[in-house]
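Colleague: One-letter residues, chain by chain:
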Amino acid sequence: MPAPEDKQRDKKLEDILRLIELCRAVSSSSVNPFEVDIKEKLLVLKKHLPDWNVIDVMLKDSEAMQQLVAIVKLQDQWIKHRASALFIDPLLLELKITLITKDELAESFAKCWHPIAQLDQLTARGLEKAFVYWRELVPFSERFKDQFGNYGQQTGLIGLEELESLSIFTKEEFESRLNAINKELVQRSDGKEIDYRDFIKGKDPEETALRGYLIAFVVTEGRATIRTDPLTEQIFISVIQGKPGDETKSVAIAVR
Amino acid sequence: MSESNNPPDAANPPTEAAAERASLDRKTRKAFQVLILQRGRNPGVKGWEMRRYLGKDYKKILEVLSNDLKSLGLEVHLVPGAEGTDDSTRFLLRFRDPPTLSEAETAGFRIDDLAVLAATIALVNSKQGRISRKELESFLKGKFPRWRIDYSVDRYIKRGYLDLDDKELVRIGWRTRAEIDERSLMTLILAQGTKTDAKK
Chain Z
0 MPAPEDKQRD KKLEDILRLI ELCRAVSSSS VNPFEVDIKE KLLVLKKHLP
50 DWNVIDVMLK DSEAMQQLVA IVKLQDQWIK HRASALFIDP LLLELKITLI
100 TKDELAESFA KCWHPIAQLD QLTARGLEKA FVYWRELVPF SERFKDQFGN
150 YGQQTGLIGL EELESLSIFT KEEFESRLNA INKELVQRSD GKEIDYRDFI
200 KGKDPEETAL RGYLIAFVVT EGRATIRTDP LTEQIFISVI QGKPGDETKS
250 VAIAVR
Chain H
0 MSESNNPPDA ANPPTEAAAE RASLDRKTRK AFQVLILQRG RNPGVKGWEM
50 RRYLGKDYKK ILEVLSNDLK SLGLEVHLVP GAEGTDDSTR FLLRFRDPPT
100 LSEAETAGFR IDDLAVLAAT IALVNSKQGR ISRKELESFL KGKFPRWRID
150 YSVDRYIKRG YLDLDDKELV RIGWRTRAEI DERSLMTLIL AQGTKTDAKK
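Protein chains in written order, with numbering that gives the first Met the number 0: chain Z, 0 to 255; chain H, 0 to 199.
So that you can see chain H by itself, here it is in the shape it has in the complex (with noise of 0.2 Å):
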């Protein structure tokens, strides 16, 4: 670190390596300073305003910046976006890995909020990505409140877990796709009941 901020030495000026290494530096920390601040409505960054900041080598340096942010438990994720493009894609700052249980309770959730949010992504997606919410509810109402229901659905309409279009048809949110590693939820869910029969 004191070597960089000295002055280049004129009879030993730095190296090619050296310099880009440097650029690599500056870049990094420039990217992860846009993943970290909120820009627009929705958290991330989009791919051509990516390539805009950091050049057109910007995925690579988000590989170097995904690896750094190993040891804060930090990763850079990117979701496709509809149109499938490099430019169209979403890139942010994720937790490596997931919260425990009571971690997910003091950051606000509830558990009845996110045993809600569970049944419903896995519901959405059995379903062919779209459920109506007159069936989704109908559904939930077996297990949770319906006071309960509404007040959840709405919320997470609202935080972009869920998306409702105006057919009222409930679909998997861009939140959802970000944060949720949906194939393993599926898979635990299915799971959960099998192990506690082997339990008994």
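Isolated chain Z (complex conformation) (with noise of 0.2 Å):
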């Protein structure tokens, strides 16, 4: 069983390091930093300082001060911001925010956006990076060796684990994506065929091929099917009412 004493000392040990804990969480997020109660600190500090006589412990009692003097620097910016024009309440800008389309944020942006005006050009500096990049490039039959072999990486299938291990997608957004499309599917073809470029097209490349993906899940699950005209090789979706056919195909469309 520890020594009363030894207790002691560990007790006043855990002070330290939950000052130091408590600095760096502070330090390390946007939380006020007046939080911390600097003058109560500093007396815990004061108190237990007479105690120490182990190297080590020094070392973590200099290290709360340091932290501490973090502190009173984040919390002269924090004056300093709050006193300048910049400062409005987080809550009512991030209500804003929210609130607002994204169309009216860019064009607030645009607004007061004073692009920088400068000839971009070879610097010796930028030529003598090149070099040393194009030095140190393995060639590219040598490059993937390691990791896949002999011949580089194949093209491939990405499945939705992937992505969703990418971040690109995570699974209840996805479904609510899946389940949107389907949705305005219905209501565009309203029973008919309708064009399929058309239908996948969105505001950008990327959107396009987003939705492109999306569909052929739609697809893959039989909740609607592709036909191609031979003739004018234009492609066409519409929605499955009822039970899907048994006869399936795999198409490959490339989305431009």
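No lab work stands behind these hints, which were simulated from the structure alone.
Among the hints, a few may not be true.
[To be verified] Under the rule of at most 27 Å between Cα atoms (straight-line distance), these lysine-lysine pairs were calculated in the BS3-like manner:
| # | chain 1 | residue 1 | chain 2 | residue 2 |
| --- | --- | --- | --- | --- |
| 1 | H | Lys69 | H | Lys45 |
| 2 | Z | Lys182 | H | Lys142 |
| 3 | H | Lys69 | Z | Lys170 |
| 4 | H | Lys69 | Z | Lys110 |
| 5 | H | Lys140 | Z | Lys110 |
[As the list claims (entries may be wrong)] Some, not all, of what chain Z presents toward chain H, calculated at C-beta under 7 Å:
| # | residue |
| --- | --- |
| 6 | Ser28 |
| 7 | Ile87 |
| 8 | Leu92 |
| 9 | Lys101 |
| 10 | Glu103 |
| 11 | Ala105 |
| 12 | Cys111 |
| 13 | Trp112 |
| 14 | Ala116 |
| 15 | Gln117 |
| 16 | Leu126 |
[To be verified] Some chain Z residues close to chain H (C-beta under 7 Å, calculated; not the full set):
| # | residue |
| --- | --- |
| 17 | Ile96 |
| 18 | Leu104 |
| 19 | Glu106 |
| 20 | Asp119 |
| 21 | Leu121 |
From a predicted model like this one, the values you see are computed outputs, not experimental measurements.
We treat Cβ as the ideally placed atom computed from N, Cα and C, and that holds for glycine.
With the hints as a guide, bring the two chains together.
Modeller: Right under this line is the structure:
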């Protein structure tokens, strides 16, 4: 059983460690630095200081002091920022950003944007960097040997699990998007065939690719079918009413 | 122009004022060349470099240049340095008037990207100039798809609009300080909602 003195010393050391942790948490977030009561913490350090006789604990004590100094610096910045014209209540601003549209946000940005005018040119430093890069660049045939053997990486399929692991989709987001695009297809097609490319066309190539990807799942699940006109090569999509038929075929469609 | 190309007439030596004017013109041209050409990784020229190129009156010369550039829609802008001294101040050329949204789009900025940046700058400023990347992403997730947030934030950090420190705290980058009137941005964002309400 530990002696009462040891127990007391552990408790004091714990105080210091907790203080360091608190300061670190405040410095690495946007929490108000005035949440840390500097005076009280200094008194705690002062009270414990005569009891320390081990170098490691003394170092912890000085680290705590250093962290408190960092908090004082943050408090100084906090006051300066509050006094500046840039200060707006974060809650009010968050609410505003949530309420206004992306277009309005972009428009606000464009109205106060003064792009830098400059001629881009090759500098001696840039040239040196390019030379070093080129010199150290492994030939293409050798580049992926370690990872993929002698032939480099083959093109292949990317699954939903992989997309989830790459944080491109979350399960919920994917399901809700799938349902949304299926609903849109039902509404737009109104029981008839519609042009596939028109349907997947988004605001930009990225959105078009994303819609194409999602609609491939809708078709795979048997909720819609795709038909290609052999003469015009026009692709049509329509909703399947009732149970899907047994005849299935895999097709690759280039999305532009 | 033609007069200045002719050799000075021995009978009428150039006056002191004319010589001063010629020197100012020469220095203004030099200042423009220094500012327009990229030197280091980041655009702009520091105060101490300007003094070396143009002499101790460099600020006056830059004022003249800024005035001359008015007709081209450009201006000389100064960004105070971290030390707050004249030497650390960065001078650069920038558009005097903001571009339209469609002009911004033709320069390779999509509306979504601009919206992410606008929201981020406003949020960082409202949070005393720093916000953890996690907190920022979780806020933006309510308005933008996650992949777009990751892509845009990384891109803006790379371009200098945002700054990410080793504690994963997002701060305002040097390019934002140089290109964006942050105060107006905050005011415009707050006013946008009001305008929409008023229209309704």
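Colleague: With a cut-off of 27 Å on the C-alpha distance, tell me whether Lys69 (chain H) and Lys170 (chain Z) pass.
Modeller: With Cα atoms ~54 Å apart, Lys69 (chain H) and Lys170 (chain Z) exceed 27 Å; violated.
Colleague: Regarding the hint that Ser28 (chain Z) lies at the interface with chain H, is the smallest CB-CB distance below 7 Å?
Modeller: 5 Å, holds
Colleague: Are the Cα positions of Lys69 (chain H) and Lys110 (chain Z) separated by 27 Å at most?
Modeller: Holds. Lys69 (chain H) to Lys110 (chain Z) sits at ~18 Å (cutoff 27 Å).
Colleague: Is the interface hint satisfied for Ala116 (chain Z)? The criterion is a beta-carbon contact with chain H at less than 7 Å.
Modeller: Check passed: Cβ of Ala116 (chain Z) comes within 4 Å of chain H, closer than 7 Å.
Colleague: Tell me if the interface restraint on Leu104 (chain Z) is satisfied: Cβ within less than 7 Å of some Cβ in chain H.
Modeller: 4 Å, holds
Colleague: Given Glu106 (chain Z) was flagged as interface, is its beta-carbon under 7 Å from a beta-carbon of chain H?
Modeller: Since chain H brings a Cβ to about 6 Å from Glu106 (chain Z), closer than 7 Å, the hint holds.
Colleague: When the nearest CB of chain H is found for Ile87 (chain Z), is that gap smaller than 7 Å?
Modeller: Status holds, d = 5 Å.
Colleague: Checking hints one by one. Is Cys111 (chain Z) an interface residue toward chain H, by the C-beta closer than 7 Å rule?
Modeller: 4 Å, holds
Colleague: What's the verdict on Lys182 (chain Z) and Lys142 (chain H), does the C-alpha distance respect the 27 Å limit or exceed it?
Modeller: This hinted pair holds, its Cα atoms lying about 22 Å apart.
Colleague: Is the interface hint for Trp112 (chain Z) satisfied, with its Cβ closer than 7 Å to some Cβ of chain H?
Modeller: 5 Å, holds
Colleague: Take the shortest C-beta to C-beta distance between Leu126 (chain Z) and chain H; is it under 7 Å?
Modeller: Violated, about 13 Å.
Colleague: Holds or violated: is the Cβ of Gln117 (chain Z) closer than 7 Å to a Cβ in chain H?
Modeller: Constraint on Gln117 (chain Z) satisfied, holds at 5 Å.
Of the numbered hints stated above, those contradicted by the structure are hints 3, 16 and 21, listed in ascending order.
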